[in-house]
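Input sequences plus hints: build the corresponding full structure.
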Amino acid sequence: MSAIRADAGRIFVTALLVYVAFWNPWLQFSNTDNFVDGAVSLVDTGRWELVHWRLYGGKDNATARDGRIVPGVPFGMSLVIAPAYAAWRLAGGARVEGWTGLETVNAVVILLLCAPAMALTAVQVAWLAGWLGASRRGRVLAALLFALGTQAFQFGTMLTKESLTALAITTAARLALGGGGARRRAAAGTVAAAAVLLTHSVVPLPLLLGLIVLVRGGPREAAAFALGGAPLALVLGTYDTWLFGAPWHTSYSAITGLDTRFVMPKPAIVADLLVGPRGGLFLYAPFLLAALPALVAAARGARRAEAALTATFLVALVVIGASWQSQFADRASWSHGLGARYLFPALPLLAAFTGAVLEQLGRRALLALVVPSLVCGYLGAQAGFAPVPNALPYALKTFVSGTGMGVLFKEALPAWTGLETLHTVVARPEVSARDLLARLPTPEGLTLTLHQVLFFLLNALMLLGISRLIARVWRPRAVEVAACAS
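Counted the way our numbering counts, the sequence shown spans residues 1 to 486.
The set of hints was computed from the structure by calculation and includes no laboratory data.
Among the clues, some could well be false.
[Unchecked claim] Using C-beta positions, here's what the derived DEER-type ranges look like:
id, residue 1, residue 2, range
1, Arg-136, Ala-182, 25 to 33 Å
2, Val-315, Ala-433, 39 to 47 Å
3, Glu-430, Phe-262, 23 to 31 Å
4, His-249, Leu-207, 14 to 22 Å
5, Gly-179, Ala-91, 34 to 42 Å
6, Ala-246, Ala-182, 30 to 38 Å
All C-beta atoms, glycine included, are put in the ideal place defined by N, C-alpha and C.
Here it is in C-alpha cells:
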C-alpha cells in the first residue's frame, strides 16, 4: 500500500510540474469567458447574471426567460471558481472591472484548481488501472500517458470544465467500484451528479454507475447512491426550470441567437471524433488503441461491468457530441486542440484499461503507441487554445514559429515584458511568413531573433530544472537494513 501511495505522489508531482511549465494564462476560450464572468459577477453583485459579457462579444451566453444574460454553458465551473474569487475580495483584492481582471482570475484559477485537478485525475487513472488488473508498470504507464499523451496535457494548462469533470468521473467510479458500504456509494452518487453539473453530456455516467452498484451491492447500496446524487440533480432541475422553463431545457437550449437542437449524427462527424483530424480520439492518442483488446478481455472476465460501463459511456458521448455538432456543420469542430474534447470524459476510463495491455508489449510495439501520443500531447499543449476546426496545422505552425516553446514563454512573457519576438510578429494577421523572412537580415530581424533566443533559453532552463526534479522524484530509494549481531 505504501508503494502505491508513493507512486501516486510521484504521478501527481510529475503531471503538475509539467502542467505548470506549460501554463497558458491567456483567456481565449468562450466557455472559459462564461465560467469566469459568472463567478466574478455572482460575487460582486450577488446576482446570477453576467456583467462583463460585452467584453467577449456575448459568445456562448444564454438569455433566460426574464431577459437576463447568463452562461450558456454548465454553471458548475462558475460555482467552483466563485469561492476562490470571494476569498480574494475578502482579503482586500481589487474588484474585476475589465478584461485584464477576468484574465487574471483565469490565470490564477488554472494554477489553483485546474492543473492540480488534472494531475489528481492521472492518479485516479493509476488506481483504476490497478483495479482492472495492471501491475505497477501498467499503472504508471496508463497514468502518465493519460496525463501527457492525451488532450489532458492541454487541459491541465488552461481553464476548462474538462479537468474537474475528469476528476469527478474517476472519483465517482472509484467510490462506486472499490470497497463497499452505503457511505461510499452515497459519496459516489454525489460526485457523479457533480460531474453532470460541470458537463451535462456525462449524464449517462451516474445511470451506468447506479446500475453497477445495484447489481453488485443490492438495493441498499443503490438507494444510497441515488440519494447521494439526488440533491444535486434537484439543484440542476430547479436551475433549468427557473431560468429556461423546464428541467429538461438546459442553458444550451437558450444560447443567444441560436436555435439549438439534437439531430441525427452525421457519419463524417462521428469519424472525425474517433479517427479524423478534427478530433481524432485514437489518431492523436494511439496508445488508447490498447484499451480495445483490454475491453474485450474484461468483458469475458471478472470486470465485465467496468468494460460495459466504459464502452457504453464512450458510445453515448459519441452520439451526444455528433448529434449536437451535426446541426451546425458537416464536419466536427470545437475540439480546440489535438483530441476529441467532446469525448474527453471517457478518456480516463479508456486510459485505465490500457495499463494491463501496455505492460505486456515489447519495446518496439510500446514505443509505436507511446511516442506519437506524447508528441501529440506536447504539440497540443505548446499550441494552447486552437481557434480553428483542424488543430494539427495550427499546432505545427505555432511549434515552428515559437521554436517549440510553451505559451507562457512564446506569448505571455513577451507581451508582459514588451519584448517582441519572431513568433509574436508573425502571429499578427497582417504579417505573413514571407514578410518575416524579409525582415530577418535587418536590425529589426536581429532584435526579434535575440529576443526569441532569450525566451527559448529561459524556457529550456525551466524545463531542465523540472526534469531534474522529476528524475529525483522517481529515483529509487535505498532501503536501510539494520545490522544484526551474529
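Going through the hints against the structure:
For the pair Arg-136 and Ala-182, the supplied restraint of 25 to 33 Å holds, since their beta-carbon distance comes to about 32 Å. The beta-carbon spacing between Val-315 and Ala-433, approximately 43 Å, falls within the hinted interval of 39 to 47 Å. Distance hint for Glu-430 and Phe-262: a CB-CB separation of about 41 Å, inconsistent with the stated range 23 to 31 Å. Taking 14 to 22 Å as the suggested C-beta distance range, the pair His-249 and Leu-207 conforms, at roughly 20 Å.
For Gly-179 and Ala-91, the Cβ-Cβ distance of about 39 Å falls inside the hinted range of 34 to 42 Å, so the restraint holds. Here the CB-CB span from Ala-246 to Ala-182 is close to 33 Å, well matched to the stated 30 to 38 Å.
Checked against the numbered hints above, the structure breaks only hint 3 and satisfies the rest.
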